[in-house]
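Residue numbers (UniProt numbering), protein chains in the order written: chain H, 1 to 209; chain Z, 1 to 209; chain B, 1 to 209.
The set of hints was computed from the structure by calculation and includes no laboratory data.
Since the structure is predicted, the reported quantities are computational estimates derived from the model, not experimental observations.
We put the CB at the ideal spot given by N, CA and C, even for glycine.
Just to be clear, a hint being listed does not mean it is correct.
What the hints assert, rightly or not - Computed, partial: chain Z to chain H, Cβ under 8 Å:
(1) Ile49
(2) Ser114
(3) Val120
(4) Ile140
(5) Ala151
(6) Leu162
(7) Leu164
(8) Ile167
(9) Gly193
(10) Leu194
(11) Leu196
To be verified - Derived contacts from chain H toward chain B, CB cut-off under 10 Å, selection only:
(12) Leu50
(13) Pro55
(14) Glu60
(15) Ile116
(16) Ala151
(17) Ile155
(18) Leu169
(19) Met170
(20) Trp173
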Amino acid sequence: MVLYGLELIGVAVFAVSGALAAGRKQLDLLGVVVIALVTATGGGTLRDILLDSHPVFWIENPVYLPIILGAALLTVGYAKFFKPPHRSLLIADALGLALFSIVGAQTTQQVNSSAIIVVVMGTITGTAGGVLRDVLLADIPVLLRRGRIYATAAIVGISVYLCLQWIGLMQPWAAMIGMIVVAGLRLAAIIWGLMLPIFSLSDDPSSSN
Amino acid sequence: MVLYGLELIGVAVFAVSGALAAGRKQLDLLGVVVIALVTATGGGTLRDILLDSHPVFWIENPVYLPIILGAALLTVGYAKFFKPPHRSLLIADALGLALFSIVGAQTTQQVNSSAIIVVVMGTITGTAGGVLRDVLLADIPVLLRRGRIYATAAIVGISVYLCLQWIGLMQPWAAMIGMIVVAGLRLAAIIWGLMLPIFSLSDDPSSSN
Amino acid sequence: MVLYGLELIGVAVFAVSGALAAGRKQLDLLGVVVIALVTATGGGTLRDILLDSHPVFWIENPVYLPIILGAALLTVGYAKFFKPPHRSLLIADALGLALFSIVGAQTTQQVNSSAIIVVVMGTITGTAGGVLRDVLLADIPVLLRRGRIYATAAIVGISVYLCLQWIGLMQPWAAMIGMIVVAGLRLAAIIWGLMLPIFSLSDDPSSSN
Chain H
1 MVLYGLELIG VAVFAVSGAL AAGRKQLDLL GVVVIALVTA TGGGTLRDIL LDSHPVFWIE
61 NPVYLPIILG AALLTVGYAK FFKPPHRSLL IADALGLALF SIVGAQTTQQ VNSSAIIVVV
121 MGTITGTAGG VLRDVLLADI PVLLRRGRIY ATAAIVGISV YLCLQWIGLM QPWAAMIGMI
181 VVAGLRLAAI IWGLMLPIFS LSDDPSSSN
Chain Z
1 MVLYGLELIG VAVFAVSGAL AAGRKQLDLL GVVVIALVTA TGGGTLRDIL LDSHPVFWIE
61 NPVYLPIILG AALLTVGYAK FFKPPHRSLL IADALGLALF SIVGAQTTQQ VNSSAIIVVV
121 MGTITGTAGG VLRDVLLADI PVLLRRGRIY ATAAIVGISV YLCLQWIGLM QPWAAMIGMI
181 VVAGLRLAAI IWGLMLPIFS LSDDPSSSN
Chain B
1 MVLYGLELIG VAVFAVSGAL AAGRKQLDLL GVVVIALVTA TGGGTLRDIL LDSHPVFWIE
61 NPVYLPIILG AALLTVGYAK FFKPPHRSLL IADALGLALF SIVGAQTTQQ VNSSAIIVVV
121 MGTITGTAGG VLRDVLLADI PVLLRRGRIY ATAAIVGISV YLCLQWIGLM QPWAAMIGMI
181 VVAGLRLAAI IWGLMLPIFS LSDDPSSSN
């Protein structure tokens, strides 16, 4: 029940982040709504399709769609009058990432017991929406590019969640600690600018395909 | 039967529009065929995967594939000698959009009765092929960017189609009127340059992820 | 058994090619791993989803994932000290393409007997990973653009494989000859710079959507 409420908040937060990204690219109103929908539902949809878990979560429970629509339109209205609160949004986005990753991992555990698959699917649930958003906006996904700890935070948090269960902690506690790890790592990365090393290769024309 | 014939025409029209877009980016012959295939089948394929409705329509009935191949190659041959008829293509594309949206809505009604899901799936059927085409060509999808009435026409037409059924009209009539609404709105938007408002947000470097 | 070993090598080769492409775009370590994963698993994943063949191959047998991770990290380490061996990589990539295309065709034959579907699915298995890699890197896929014989080699080789079976050759022999045709065509295209004709259309602003 608490989880369901948190999930609705997570969806709304991701919808807002999608709408703001769309605004930076000067899309029209419909484009804003589409990007908000894709950002908020993309990760869970990809997880459900890969796991053959039908109906897909937002088809089974269409309440997500009006929430996303509302969040996107409120964002547009708000941004007409005020400066968007970037800092609080980053914090909300970190909470959304934490929530989606661990909920995605839990959903996966119900159908697949391989630890590596649980980690991959939880990470996809938390991050694929943002990747799709960037692909539709014709950018290299932020996730891949900037070196900040984003998917890495999800991977570490889900691993902690699995380890805690493995040593005997009850699932709800393990989940809560896992979420704290994801959100904590992500916020630490934002505050102190933590980055992963960059792999840089000079372009070699002889390698053209 | 009439519907099936219309659907084959719709597929061919979308294949032509894909081939022309590919030509503007100087792709090779295979690239033209691939883009034509993706444009013509992308929307229906995404709908079938999301609804878990297998086999996907072009796997169940592979006749679509040679039609798309033929339409793409004819387009290349034609464009070698004549100027492509952009105006008539826009009209054909509007008819294709009308047809695919309403047929997609009808297909969805057979497996899901939620009105919002029917609208979303019909719109995906009509527009996702063009979005995939633009993503493969590394553009921000036209659909999201230009502010012309495109997906909006599909959304309005499908809603009209559902309302008419709800007040008791028989499905074939509701479908025909729905298609006329989609095509009419889209053509009106082309003729008078109707646009949705743009949501423009200045880029804020502090918001970087 | 031999096939399974070859498949593991194919996955590793595609992971290396993904990691090198990521390095050319200066992604971070996680981005390199994600691009390697997508390049190596994308084609087979899309095939399995389109054919509703679940579990998807890497979910059924998660051993692919650590192999891809290892190949990507070795590539990063190697490239720190040595010049990447572009020429040998192109050869390895041609072998990977040959292998994936024919294996994809064989997998498809088990669930669908239409020749055109077998050719399409085999080609998707061999090439879609590279297309997804390029989409994530915000490039027009090399496959569509450069005019070199790549997907074309897969299409021809799979067709040869099907024809040989049709005239009565046993499947393993037909598969081997099919692979030799794919790899041979691709290597010939690299060595002699064979290309498909380009379809070039001037941009017409009146055609804007």
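When the least beta-carbon distance from leucine 164 (chain Z) to chain H is tested against 8 Å, hint result: Violated, because the Cβ-Cβ distance from leucine 164 (chain Z) to chain H comes to roughly 21 Å (cut-off 8 Å).
Are leucine 169 (chain H) and chain B close enough, Cβ to Cβ, to be under 10 Å, as the hint says? Constraint on leucine 169 (chain H) not satisfied, violated at 24 Å.
Does the nearest C-beta of chain H fall within a distance shorter than 8 Å of the C-beta of valine 120 (chain Z)? holds (7 Å)
The hint names isoleucine 116 (chain H) as touching chain B; please verify it with the least Cβ-Cβ distance against 10 Å. holds (5 Å)
So, as I understand it, the hint says glutamate 60 (chain H) touches chain B; can you test that by seeing if any CB pair is closer than 10 Å? violated (18 Å)
Against chain H, with CB atoms and a cut of 8 Å, does the hint on leucine 162 (chain Z) hold up? With a closest approach of 14 Å, the leucine 162 (chain Z) hint is violated.
Is the shortest C-beta separation between isoleucine 155 (chain H) and chain B less than 10 Å? Constraint on isoleucine 155 (chain H) satisfied, holds at 8 Å.
Closest C-beta approach of leucine 194 (chain Z) to chain H relative to 8 Å, hint status: This interface hint is violated because 11 Å lies over the 8 Å limit.
Does proline 55 (chain H) meet its interface restraint, that is, does its C-beta lie within less than 10 Å of any C-beta in chain B? violated (15 Å)
Next item in the hint list is methionine 170 (chain H). Is there a CB on chain B closer than 10 Å to its CB? Methionine 170 (chain H) check fails; min Cβ-Cβ to chain B is 26 Å, beyond 10 Å.
Per-residue hint verdict: alanine 151 (chain Z), partner chain H, C-beta under 8 Å: holds (6 Å)
For the restraint on serine 114 (chain Z), tell me whether the closest CB of chain H is nearer than 8 Å. Nearest chain H Cβ about 5 Å off; hint holds.
This entry does not satisfy hints 6, 7, 8, 9, 10, 13, 14, 18, 19 and 20, going by the numbered hints stated previously.
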